[in-house]
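From first to last, the protein sequence lines stand for chains E and W. Counting in full-length UniProt numbering, the final residue of the first sequence is number 155, and the numbers go up one at a time with none missing. Counting in full-length UniProt numbering, the final residue of the second sequence is number 559, and the numbers go up one at a time with none missing.
Treat each hint with caution, since some may be false.
Now the in silico label distances, taken between C-beta atoms and shown as ranges [claimed, not checked]:
#1 E:Asp-41 - W:Lys-105: 31 to 41 Å
#2 W:Val-529 - E:Ala-52: 39 to 49 Å
#3 E:Asn-110 - W:Leu-463: 18 to 28 Å
#4 W:Arg-522 - E:Leu-17: 46 to 56 Å
#5 W:Pro-59 - E:Asn-110: 45 to 55 Å
#6 E:Met-34 - W:Met-536: 18 to 28 Å
#7 E:Asn-110 - W:Ala-169: 26 to 36 Å
#8 E:Lys-47 - W:Ala-169: 49 to 59 Å
Derived lysine to aspartate or glutamate pairs resembling EDC-like cross-links, with alpha carbons at most 16 Å apart [said to hold, decoys possible]:
#9 W:Lys-322 - E:Asp-6
#10 W:Lys-217 - E:Asp-44
#11 W:Lys-326 - W:Asp-458
#12 E:Lys-129 - E:Asp-55
#13 W:Lys-253 - W:Glu-510
#14 W:Lys-322 - E:Asp-44
#15 E:Lys-122 - E:Asp-6
#16 W:Lys-253 - W:Asp-458
Examples of chain E residues lying across from chain W (beta carbon under 7 Å, computed) [stated by the list, open to error]:
#17 Gly-58
#18 Ile-59
#19 Ile-62
Just so you know, the hints here were simulated from the structure itself, not pulled from any lab data. Just so it is clear, CB atoms sit at the ideal spot from N, CA and C, and this is done for glycine as well.
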Amino acid sequence: MKMHKDEKIWLALSFGLMMIFMLITGYQAIAEGMEPPSNTDIIDPQKVDQTAPFDKPGIKQIGDKEYEVVMTLQVFSFNPGNIEVPAGSTVHFILTSKDVVHGFEIAETNANAMVTPGYIQKVTQKFDKPGSYLVLCNEYCGAGHQAMSTTITVK
Amino acid sequence: METALNQTFKTKATKLLGVNKQDAKISKTYLFVSFVILLVGGFLGLAQGLNRAGLLELPSWLNYYQILTMHGVFMLLAFTTFFTFGYLYAGLSHELGGLLPKVRKIVWTAFASKIIGAVLVVIPILMNEASVMYTFYPPLKAHPMFYIGLVFFAVGMWLCNVGAFIQVANWRKNNKGKHVPIFSYFATGINVLMFFALIPVAVEVIYLIPWSFGWVKTVNVMVSRTLFWAFGHTLVNIWYLTATSAWYVIAPKLIGGRRWSDTLTRVVIIALVIMNITGGFHHQIIDPGISLPVKMMHVFMSLAIGFPSLMTAFALFAVFEKTARKQGGKGLIGWYKKMPWGDVRFLAVFIGMASFIPAGAGGIAQTTNQLDTVVHNTMWIVGHFHLTLGVTVALTFFGISYWLVPYISGRILTPQINKLGVIQTWIWTIGMIFMSGAMHTAGLFGSPRRTSYTTYGDHATALGWDPYMMCLAIGGTLLIVGIILQVYAVINMMFFAPKGETEFPIAEAEENASPTPYWTERWGIWIIVMLIVVAMAYVVPLTEFIVNGPPGSPGFKTW
């Protein structure tokens, strides 16, 4: 099979580009911990209220400027909602759904995760800038999906 | 020998008499239905765009999520399926000397099955019993009729695949040792990919039916999602592969050139068939329950699909440049002036193709772990597939219609309709730049997809998205004008244009080409390789979901 020289160069460059792209992606994910939310713990989706830690959803300080938020997502709300943390805090969110698939997105940050029933999802986000952050559900979940939001106030 | 002679005779007869009447009727019916669906789907899209911009309040009997579900099903599944088969069967009939009588029967049965399926899907959506989107993620539970309709639709698609296999196999039997002609080779690849991609979603739907009836109490959410995306992403790539066939086979002829290397063209098709199904997994990059190494492997598998597309990019621009230079084009890029920009059959296809450069780049970006996390389920994704499907695929299909519809109708493309087509192509392009551009940008700022108009209690962040939503509505309005012009052109070419002969433009192979190796015809091997790749990708996560998965979820009707 004969191939033009230009094409060989182009394909070699293309291949190289993809390999570099893959290497950077892999390096960032593994070495720098920039992995997508991928927690694998499971839970009975029909017994969320009776299962720890989701029997007591809420925010808890676990260190200096470090918080843990245990949160349930259900049509069409986040519980707890309207959280407040001081600027510079790192917040660990532990999430699960009590009904259908929801999304957990903090707008204007990179925090973004699918929250599917039966699984416990984990997301960590550091809030440097004070302000009101919009948390919203970005997976269609029903008639009130557009109303499913809350805020995180960083002071 | 006798059959071969017979075949040649038939081929000649078809060439002499133009299109086979019975086969033309099949393609005509498929294309007519396709463009009617496009028209309805377009208005549904417009309603969403205007609602999203806060300009239109939708009535309670036809709410945003019903409209969105229908828009998705119509555009992604129905418009594309009917167009693709109308196009492929016209080509198979033309290239392989007319369809076999039993293939015709199969294709008509398939048509009936798809129509029944579509009706069964639409009824529950209109009754507000199936506002579950095109992805119908459980545990959202639709009316059983919705899932049963999907089965009928899938069976219709399968029958079309089988019809194509029989047609091609018959040709191969009568032409032992020869290469299947290039258009039919594309058709084979497209049908193989579709046949296998439908399996996972069929398994999912059949698994959901007893649950939707209430006979089974719970369902495995992650298994369903995974089976869906094995199909869902492949489906859009099937439409892309269909568009690609017109770039490789048709476009060179329209500009008076020859095709690119026959071998490399076939290699691209094989590569796209083998690697595609595993690509679906990148829709689950931020899902729980899937470990990081599995996600990494899938990112690599998804990125690999970019390679054949980069081969395509080179091949097509090389063909254009070569042809233009032969016709006297000069300069580093001055040759582009020689291209027939006033010919809608070329212009629409070219813009469709060129738009795949940003569309493909965006796709590569959102396929990777970190970048997907930024844009997952935001308007960015909607912008992405309006660029890939809405421009690359749709404009290519539109471009095809300006010779295919006259060809099957025994009519011609008049200069007036050509002009109308050029205008519609530009309206479409500008509309999509507005709409897709606005979607991409708003998505980067966090605006979610599949969400009706909301300001989230007048939150400043959400209010900041409003100007982009206005751009989106402007784009959407231009697009509906484009759709009306396009459908008008199709109806005109089908029923009213002057009678005459139109050619099915298949370009010839390049000059002094080295012979294509016969291994490209070994579909058995390629299918096995494809299945191995699919197994590598899916066996581990699916086993994990089933063996170590959580208790199932009961269904919910949350709308």
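Hints, verified against the model:
Range check, Asp-41 (chain E) to Lys-105 (chain W): Cβ separation about 54 Å, and the 31 to 41 Å hint is violated. Between Val-529 (chain W) and Ala-52 (chain E), the C-beta spacing of about 48 Å keeps the proposed range 39 to 49 Å intact. Distance hint check for Asn-110 (chain E) and Leu-463 (chain W): the Cβ-Cβ separation is about 22 Å, which falls inside the suggested range of 18 to 28 Å. The supplied range of 46 to 56 Å is broken by Arg-522 (chain W) and Leu-17 (chain E), whose beta-carbon atoms lie about 30 Å from each other.
At about 38 Å, the CB distance of Pro-59 (chain W) to Asn-110 (chain E) disagrees with the hint of 45 to 55 Å. Checking the proposed 18 to 28 Å range against Met-34 (chain E) and Met-536 (chain W) shows it holds: the Cβ atoms sit about 25 Å from each other. Checked against the hint of 26 to 36 Å, the C-beta distance between Asn-110 (chain E) and Ala-169 (chain W) comes to roughly 51 Å, which is inconsistent with it. Between Lys-47 (chain E) and Ala-169 (chain W) the Cβ separation comes to about 54 Å, which falls inside the hinted range of 49 to 59 Å.
With a C-alpha separation of about 13 Å, the suggested pairing of Lys-322 (chain W) with Asp-6 (chain E) holds against the 16 Å cut-off. A hinted pair counts as satisfied when its Cα atoms are at most 16 Å apart, and Lys-217 (chain W) with Asp-44 (chain E) qualifies at roughly 14 Å. With a C-alpha separation of about 61 Å, the suggested pairing of Lys-326 (chain W) with Asp-458 (chain W) is violated against the 16 Å cut-off. At most 16 Å may separate the alpha-carbon atoms for a hinted pair to count; Lys-129 (chain E) and Asp-55 (chain E) exceed this at roughly 31 Å.
For the proposed pair Lys-253 (chain W) and Glu-510 (chain W), the alpha carbon gap of about 11 Å is at most 16 Å, so the pair holds. A threshold of 16 Å between alpha carbons decides the hint, and for Lys-322 (chain W) with Asp-44 (chain E) the separation of about 63 Å lies outside it, so the pair is violated. At roughly 48 Å between alpha-carbon atoms, Lys-122 (chain E) and Asp-6 (chain E) are farther apart than 16 Å, so this suggested pair is violated. Restraint check: the Cα-Cα separation between Lys-253 (chain W) and Asp-458 (chain W) comes to about 55 Å, which exceeds 16 Å; the hinted pair is violated.
Interface hint status for Gly-58 (chain E): violated, as the beta-carbon distance to the closest one in chain W is roughly 21 Å, over 7 Å. Interface hint at Ile-59 (chain E): violated, since its Cβ lies 20 Å from the closest Cβ of chain W, which is beyond the 7 Å cut-off. With its C-beta approaching chain W no nearer than about 21 Å, Ile-62 (chain E) sits outside the 7 Å limit, and its interface hint is violated.
In this structure, the hints that do not hold are numbers 1, 4, 5, 7, 11, 12, 14, 15, 16, 17, 18 and 19, in rising order.
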